[in-house]
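Take a look at the letters that make up each chain.
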Amino acid sequence: MAEKVLTANRLGDGIAVWLDATGQWTENLQDAFVARHAEAEAALENAGREAFVSNIVVDVNVIEVDERDGILRPQRLRERIRALGPTIAYAHGHGFADPAFIAA
Amino acid sequence: MTRIWKETGFLDNDPWVIETEERKAGEGERAILGLDAFLGVVSDSNEIGFGVLIAPGEDVTKLQACLDRVALVALAFPAFNDGRAFSHASLLRGRLGFVGELRAVGDVLIDQIPLMLRTGIDSFAVTNEVALKRLEDRRLPAIDLHYQPAARASADPGGFSWRRRATPAR
Amino acid sequence: MYRYDEFDHAFVSARVEQFRDQVTRRLAGELAEDVFKPLRLMNGVYLQLHAYMLRVAIPYGTLNSRQMRMLAHVARRYDRGYGHFTTRQNIQYNWPKLSETPDILTELASVEMHSIQTSGNCIRNVTADHFAGAAADEVADPRPYAEILRQWSSVHPEFSYLPRKFKIAVTGAPSDRAAIQVHDIGLHLKKDDTGALGFAVYVGGGQGRTPLIAKKIRDFLPEEDLLSYVTAIVRVYNLHGRRDNKFKARIKILVHETGIGELTRQVEAEFDAIRDSELKLPEADIRAIETYFALPSLSERPEGWEALARAKKADPAFASWASRNVAPHKHPDYGMVTISLKPIGGTPGDASAEQMDRVADIAERYAFDEIRVSHEQNLILPHVALADLEAVHEALAEAGLATANAGLITDIIACPGLDYCALANARSIPVAQEISTRFGSPERQAEIGDLKIKISGCINACGHHHVGHIGLLGVEKKGAELYQITLGGSGDENASIGEIIGRGFEPERVTDAVETIVDTYLGLRLDPTETFLAAYLRVGPQPFKIALYGEAAEAA
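Protein chains in written order, with my numbering: chain S, 72 to 175; chain R, 201 to 370; chain E, -18 to 537.
Bound conformation, chain S alone (with noise of 0.2 Å):
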């Protein structure tokens, strides 16, 4: 099974999300608890669910990472955008997604 974890966006400000080992939501997709059977990915869901019903965050999805070297790698391009931001140099003081982390 490919490894899991759980995104999301959080509801008051947006922000994409990943769900670490604490049952908290981190801006920082390394810190992400990751699902490497089913059982583990259904208490993925589970959490995903409660979290949206409770209104904490919107947009819930389990999505597939590789790891490798202690690297979490999204699978889909999407995902490695939503995890380092936009890959253009967008606005001062905010820098822009490195590029060898984006890459197919």
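Read the hints as simulated data drawn from the structure, not as lab findings. Even glycine gets a Cβ: it sits at the ideal position worked out from N, Cα and C. Please note that a few of the clues may not be correct.
[As the list claims (entries may be wrong)] Ranges between beta-carbon positions, derived for each pair: (1) R:A279 with S:A113: 29 to 35 Å; (2) S:A171 with E:D15: 36 to 42 Å; (3) S:D84 with E:V456: 30 to 36 Å; (4) E:T5 with R:G228: 40 to 46 Å; (5) R:A265 with E:R223: 28 to 34 Å; (6) R:D344 with E:E487: 52 to 58 Å; (7) E:K227 with R:A353: 33 to 39 Å; (8) S:I142 with E:R57: 32 to 38 Å; (9) R:A353 with E:D(-14): 21 to 27 Å; (10) R:R230 with E:E259: 33 to 39 Å; (11) S:A113 with R:A353: 56 to 62 Å.
For chain S, the structure is supplied; the task is to place chains R and E on it using the hints.
Coordinates of chains R and E only, in the frame set by chain S:
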């Protein structure tokens, strides 16, 4: 639990029943028939005071010839974002001149009720809890200034001809 | 420009409070997301990849310096210091907090701005020719009618839950700078033989998955019938537009599936029933709205001619900007300035808060306090005395806003794409940046001439790629980005949908492909006055297919 609301308040003892396979109007109740069923019955009878249910995809102008024998038209909103019934209401009140009761049934939510009122709907079958609570508190999220005339009569606020101002319920 | 009266102020305030109540209920959990979503969309609040996005309406692309300064303030206070001007003449902010959007809207309301119906299945911003009121070729200013439609369509009780979004565009010149033929309703303001004002009415144009050019439904609609006729069209659409399939729900599909003949019959029947209703526009109202859009009193500034000639001679950079970015005004001493938001290698359509403030200052000082947003993601100062062009150019150059590329290959239109948008399949901005950099040399750009490249990151076509001379559509193939190229599209009065020329190109090969297309054009054009589009219409896709794919592989 479904309650019937009008601007004057919630109704007790509303007699209207939407007829289905399982449920027919009983003693002291009045039947709301589907459009086809109604058209089938109305030509063979001399009765008045009918109730008719219009589904979103149906043609409300089919009622034109016998509208004077209809006491209540129920407009179905199967999903709150299916906006066809707003046009049905507008046509019924406008072109077709219907003066009976116009009732919204289905997914009736508090945020759409002000728009429904403006298109001439005057009673609402409400199931949604939040909507029921807000209606009990008489807290409708309406804007009383309108940029367009609508089926429901409203006041002239002065200024450009297309503008209106809400008038209180009679 | 239009100024709010008491009614307008009270309405917008009430709308903000209504939305504030909805946001409060949502955050408190009293309003579920599926019910809240259409409500927030009708206030222009989207959820995107990284954050919410707020789309603020700039009615028919017209605003003044006070409003522009507020847009800068919102960018600084509530966002990350910048905004993005869109292909529908609006502005988008990419990082607002939902919890702060009511406050943002309160601040916007203080300068007569709002975000009402910038999204949702309702009537959206009515767009207009960005040179309206100033262009030398204009028959009449379409904006008063855009304003009437804007008001009439605001929180319309019958038309708030249409099958899908509804977009109207208006133009008042024979040259269509508003792309009316790819809108749900396109209105071409003109005069009949008696000099009376009215509209040619087009219906069912659109881009997206099924691009279609609009069909003319009326050759001349008298101005007084505008609201009745539009009501008839939208009512027929509301009743009969498809609701079973999101990708087949626009009016263009209804026109296509019903046939324009039958649809016209339905609309005319509806119109007949309501034409003499309270929707008929009194002449007094039309003329009253028109007064808001009167030309500012432009004093004679004949010294501008000589000043311009002198300045051009002295400074080649200014000369190239003046010849490229200044268009003829109806008054001979004035010009219409295009402020390019397409710096070489930059993000098309973005402006920093500082740049917005600079534009506001310049508009106030030199341009009768009027600014426009074009659907090609640039800003316009419609009334600038030729005598002031040098000063304007200098001020713009200081702010990085003086790129002399209006209508050239680096004046690229691009949607936000997969860098921001939850609907996207591929990125648009890096592609635009690379193409812009590759062709950045002023000499190269001048050599190529007029060429509109438009890039969309998904089939929704917010980058208007279907009407690009060169259109790029980003798709996803096996998890990677791929770009389909179309050629020969045009959004003007000779509207056409671009033709796909063959299999797509990977991101690292797209710029080379564009260069191959450009070189092919340069090689076969009759002379430098034959534009890319004209050449394409003359020779067709063959030479370009061969150049890109080789003799054997012409078929896609």
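Against the structure, the hints come out as follows:
A beta carbon spacing of about 30 Å between R:A279 and S:A113 agrees with the range 29 to 35 Å that was offered as a hint. In this structure the hint that S:A171 and E:D15 lie 36 to 42 Å apart at CB holds, the actual value being about 39 Å. Under the hint 30 to 36 Å, the C-beta atoms of S:D84 and E:V456, about 31 Å apart, fit the expected range. One distance hint, 40 to 46 Å for the beta-carbon pair E:T5 and R:G228, holds here, with the actual separation near 43 Å.
The hint said 28 to 34 Å for the Cβ distance between R:A265 and E:R223, and at roughly 29 Å that hint holds. Look at R:D344 against E:E487: about 57 Å separates their beta carbons, and that is inside 52 to 58 Å. About 36 Å separates the C-beta atoms of E:K227 and R:A353, a value consistent with the hinted range of 33 to 39 Å. The hint said 32 to 38 Å for the Cβ distance between S:I142 and E:R57, and at roughly 35 Å that hint holds.
In this structure the supplied range 21 to 27 Å holds for R:A353 paired with E:D(-14), their Cβ-Cβ distance being about 23 Å. A hinted range of 33 to 39 Å for the beta carbons of R:R230 and E:E259 is consistent with their spacing of about 35 Å. The beta-carbon spacing between S:A113 and R:A353, approximately 57 Å, falls within the hinted interval of 56 to 62 Å.
No hint from the list above goes unmet by this structure.
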